[in-house]
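Protein chains in written order, with full-length UniProt numbering: chain A, 1 to 417; chain B, 1 to 417.
What the hints contain is simulated information worked out from the structure, not anything from laboratory work.
Treat the hints loosely; a few may be bogus.
[To be verified] Footprint (simulated), chain A over chain B, 3 or more residues, beta carbon under 8 Å:
1) 48 to 54
2) 61 to 69
3) 103 to 113
Where is the CB? At the ideal position from N, CA and C, for every residue including glycine.
The chain contents come next:
2 protein chains.
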Amino acid sequence: MSLIVMKFGGSSVGTTERMSRVAQRIVDKKLQGDRVVVVVSAMGDTTDDLIDKASEINANPPAREMDMLLTTGEQISVALLSMAIHKLGHEAKSYTGWQAGIVTEATHGKAKISDISPERIFAALDDGNIVIVAGFQGMSEAGEITTLGRGGSDTTAVALAAALKADMCEIYTDVDGIYSTDPRIVKCARKLDEISYDEMLELAHLGAAVLHPRAVEYAKHNKVNLVVRSSFTNNEGTLVREEAEMEQGIVVRGIAADKNVARISVLGVEDTPGVLADMFGALARNDINVDIIVQSGVQDGGADFSFTVSVADRQKALDVLASIKSEVPYREATFEEGLVKVSIVGAGMVSNPGVAAQMFEAISDVGVNIKMVSTSEIKVSCVIAAEPLQDVIRALHTAFGLDTADTAFVGGPSERR
Amino acid sequence: MSLIVMKFGGSSVGTTERMSRVAQRIVDKKLQGDRVVVVVSAMGDTTDDLIDKASEINANPPAREMDMLLTTGEQISVALLSMAIHKLGHEAKSYTGWQAGIVTEATHGKAKISDISPERIFAALDDGNIVIVAGFQGMSEAGEITTLGRGGSDTTAVALAAALKADMCEIYTDVDGIYSTDPRIVKCARKLDEISYDEMLELAHLGAAVLHPRAVEYAKHNKVNLVVRSSFTNNEGTLVREEAEMEQGIVVRGIAADKNVARISVLGVEDTPGVLADMFGALARNDINVDIIVQSGVQDGGADFSFTVSVADRQKALDVLASIKSEVPYREATFEEGLVKVSIVGAGMVSNPGVAAQMFEAISDVGVNIKMVSTSEIKVSCVIAAEPLQDVIRALHTAFGLDTADTAFVGGPSERR
Chain A
1 MSLIVMKFGG SSVGTTERMS RVAQRIVDKK LQGDRVVVVV SAMGDTTDDL
51 IDKASEINAN PPAREMDMLL TTGEQISVAL LSMAIHKLGH EAKSYTGWQA
101 GIVTEATHGK AKISDISPER IFAALDDGNI VIVAGFQGMS EAGEITTLGR
151 GGSDTTAVAL AAALKADMCE IYTDVDGIYS TDPRIVKCAR KLDEISYDEM
201 LELAHLGAAV LHPRAVEYAK HNKVNLVVRS SFTNNEGTLV REEAEMEQGI
251 VVRGIAADKN VARISVLGVE DTPGVLADMF GALARNDINV DIIVQSGVQD
301 GGADFSFTVS VADRQKALDV LASIKSEVPY REATFEEGLV KVSIVGAGMV
351 SNPGVAAQMF EAISDVGVNI KMVSTSEIKV SCVIAAEPLQ DVIRALHTAF
401 GLDTADTAFV GGPSERR
Chain B
1 MSLIVMKFGG SSVGTTERMS RVAQRIVDKK LQGDRVVVVV SAMGDTTDDL
51 IDKASEINAN PPAREMDMLL TTGEQISVAL LSMAIHKLGH EAKSYTGWQA
101 GIVTEATHGK AKISDISPER IFAALDDGNI VIVAGFQGMS EAGEITTLGR
151 GGSDTTAVAL AAALKADMCE IYTDVDGIYS TDPRIVKCAR KLDEISYDEM
201 LELAHLGAAV LHPRAVEYAK HNKVNLVVRS SFTNNEGTLV REEAEMEQGI
251 VVRGIAADKN VARISVLGVE DTPGVLADMF GALARNDINV DIIVQSGVQD
301 GGADFSFTVS VADRQKALDV LASIKSEVPY REATFEEGLV KVSIVGAGMV
351 SNPGVAAQMF EAISDVGVNI KMVSTSEIKV SCVIAAEPLQ DVIRALHTAF
401 GLDTADTAFV GGPSERR
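Construct the complete structure from the given sequences, taking the supplied hints into account.
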């Protein structure tokens with residue numbers, strides 16, 4: 001008898017009718033003889049509706065009270081899903097995060113899970129119940145209700161699977177697996193049978209919204225077998241695990257694009273030791289996440305640097321630079337928007353030199369200029385102008401042999417929670 | 001410095017705008033120098049909306065899951081109310097029932113409070129917070145989320161006031177106090193300055209919906225000073241306490257009517273010892289609440305009984321009678337609906353003989369026939385035909401000197417939670 005954790009996102013349970021369909025799916029799993037633990041997100045727009053209500057009352061509500069408010073969304077879901085399972089004649093028990101023994105740090109809005117006490121879940125399973133746990137939430141040691149932040153329900157599912165030593169953690173979503181690239185852009189995108197944690201992590205960070213990076217990290221760290229599959233079809237899905245089987249001749253597994261990129265250039269920086277540490281230290285202290293950093297060499301009058309930040313952080317980064325100009329002298333700071341970071345990801349790159357060159361060639365064949373480059377063992381990223389992005393992705397998809405004859409299944413806009 | 005518990009019902013916080021107005025009222029109280037604990041119900045229609053969702057999924061949902069579902073309503077309220085108070089620049093912390101230390105029996109849907117551990121509330125008050133507690137809910141010893149049933153938020157407020165040894169428990173509602181009778185029926189109804197627990201208990205049981213009987217019982221048992229007042233005005237309200245000041249010449253304090261009455265008559269019951277115990281024992285074992293019982297004397301062929309039950313229990317009561325006919329033989333059982341129980345309540349009755357006779361006379365002057373009578377030390381109830389009810393109430397109101405020149409303030413339909 002296997003123990004399976006099944007996670008359903010908000011659009012999978014967006015209506016009471018969908019809720020009932022999900023219940024049937026869970027019951028089918030139980031009837032196969034498995035022990036089943038289910039993690040659910042808030043129904044469809046529930047969270048947004050609650051956020052709207054809060055902002056009517058207080059434009060800047062305390063994080064503690066937002067957690068108190070938003071956790072009701074998942075609590076409603078688990079109760080209704082349990083009722084739907086009872087309706088099918090099976091026993092089920094729903095639990096909030098704190099009831100399920102999910103202990104988190106004491107921060108609000110983006111707490112990390114620090115411990116899970118699975119006794120109560122095991123007891124309910126032993127009594128023959130399907131166990132339903134509210135995603136996205138937990139409780140601090142002091143008994144405060146907390147939330148895990150974006151992608152929190154994925155993390156709940158993976159963390160529970162690890163704590164329960166589950167045989168499989170199944171993430172049900174509105175797409176039927178991980179694709180070589182966004183199937184809404186490239187019609188002949190290839191659904192991957194398998195992908196490694198590291199590759200998935202790169203893709204998740206690069207904006208493939210199917211799985212949250214934190215959940216993938218947690219899965220990698222605890223060696224949780226993950227599968228991503230559709231709530232609406234019985235298709236096989238994509239297995240995420242330690243070492244993914246390499247398909248014949250496929251070096252690049254996936255292509256991702258991140259449109260949320262602004263480039264900041266700092267020109268004529270005085271070239272003394274420690275200047276880089278001072279500059280990026282100041283940015284880090286202000287919670288600005290710097291992605292790609294390029295130093296374009298020392299010229300007369302100092303060094304030139306470029307780095308990328310998210311579009312939202314652009315003005316803040318410029319303000320920080322202005323504020324430290326006396327300690328870190330430079331000639332001028334400029335910025336550029338309308339950029340995109342396109343990346344190729346694949347564990348096979350390590351042993352295949354020339355992949356980066358092949359990427360540059362494909363991009364230049366579309367007539368696009370590369371502004372910045374960054375590489376890791378399993379990834380090459382290029383920052384380019386956002387405009388001909390779809391052409392670039394299609395060209396890369398073809399160049400790396402990823403095109404398939406099938407047309408991808410796309411359920412709708414991706415879920416993020 | 002006084003400690004005040006303020007309770008606001010669902011219509012008092014029915015919109016985000018009303019929520020903000022309630023927040024101002026709470027802050028004003030705090031600015032007077034009081035320590036303030038607030039109990040809130042679910043906003044307006046929230047509970048009904050949740051019940052509708054549940055019934056779309058499962059017409060007969062498990063009580064445990066209904067509690068899981070419905071308690072989110074109050075959790076949303078406390079979070080939003082806390083945000084509204086923060087918006088006004090004051091510190092507030094919201095708590096669910098379990099966080100506030102409210103321990104209940106292990107039943108779902110109508111659990112009784114068994115204990116309150118107020119340490120966390122006191123700690124938050126000591127830190128200068130306004131404390132906001134979700135009404136209607138608690139947690140069993142086993143960590144299951146429970147609800148207190150109808151009128152549960154009133155009970156939460158009174159129980160908290162008792163546990164915290166509060167100086168006053170203020171119940172804010174959509175009427176501005178307890179009236180001598182329903183001001184929607186009698187325009188010149190008199191708002192009472194004071195009323196005793198016992199009188200209030202009788203009125204509450206008789207269908208005066210302002211305060212739930214269980215909350216009044218709890219207040220009486222723990223000698224909690226209660227005041228019922230309007231959320232929408234600054235009027236004084238009605239004080240509920242051990243001994244109420246008697247106004248000059250007023251014997252009857254209030255008049256109440258209960259339309260939820262069905263009369264069952266059992267004719268020709270074999271007149272042997274123990275027959276009454278058998279009959280009413282069987283009804284009690286089937287959870288049928290019997291109110292007034294009248295035996296109309298023994299005739300040929302056995303005794304005749306009449307008793308009243310709620311309209312919802314009528315058919316069940318007849319079924320029980322049919323099922324015990326072999327042990328408790330009788331000739332026939334009939335029923336009558338379209339009845340109402342009208343009652344006069346007043347602690348002064350004890351020392352004023354002739355009050356019942358005065359009531360019968362007033363009713364007969366309207367040309368109405370009295371079908372059953374029941375009396376207690378502070379109450380006389382008559383079952384009559386429902387039809388000319390308003391005339392009867394007006395006649396009684398005048399007969400017992402309760403009419404006032406003022407016109408009553410009525411905010412809207414009464415709240416029950």
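**Request:** Against the earlier hints, flag every one the structure doesn't satisfy and list their numbers going up.
**Result:** 3
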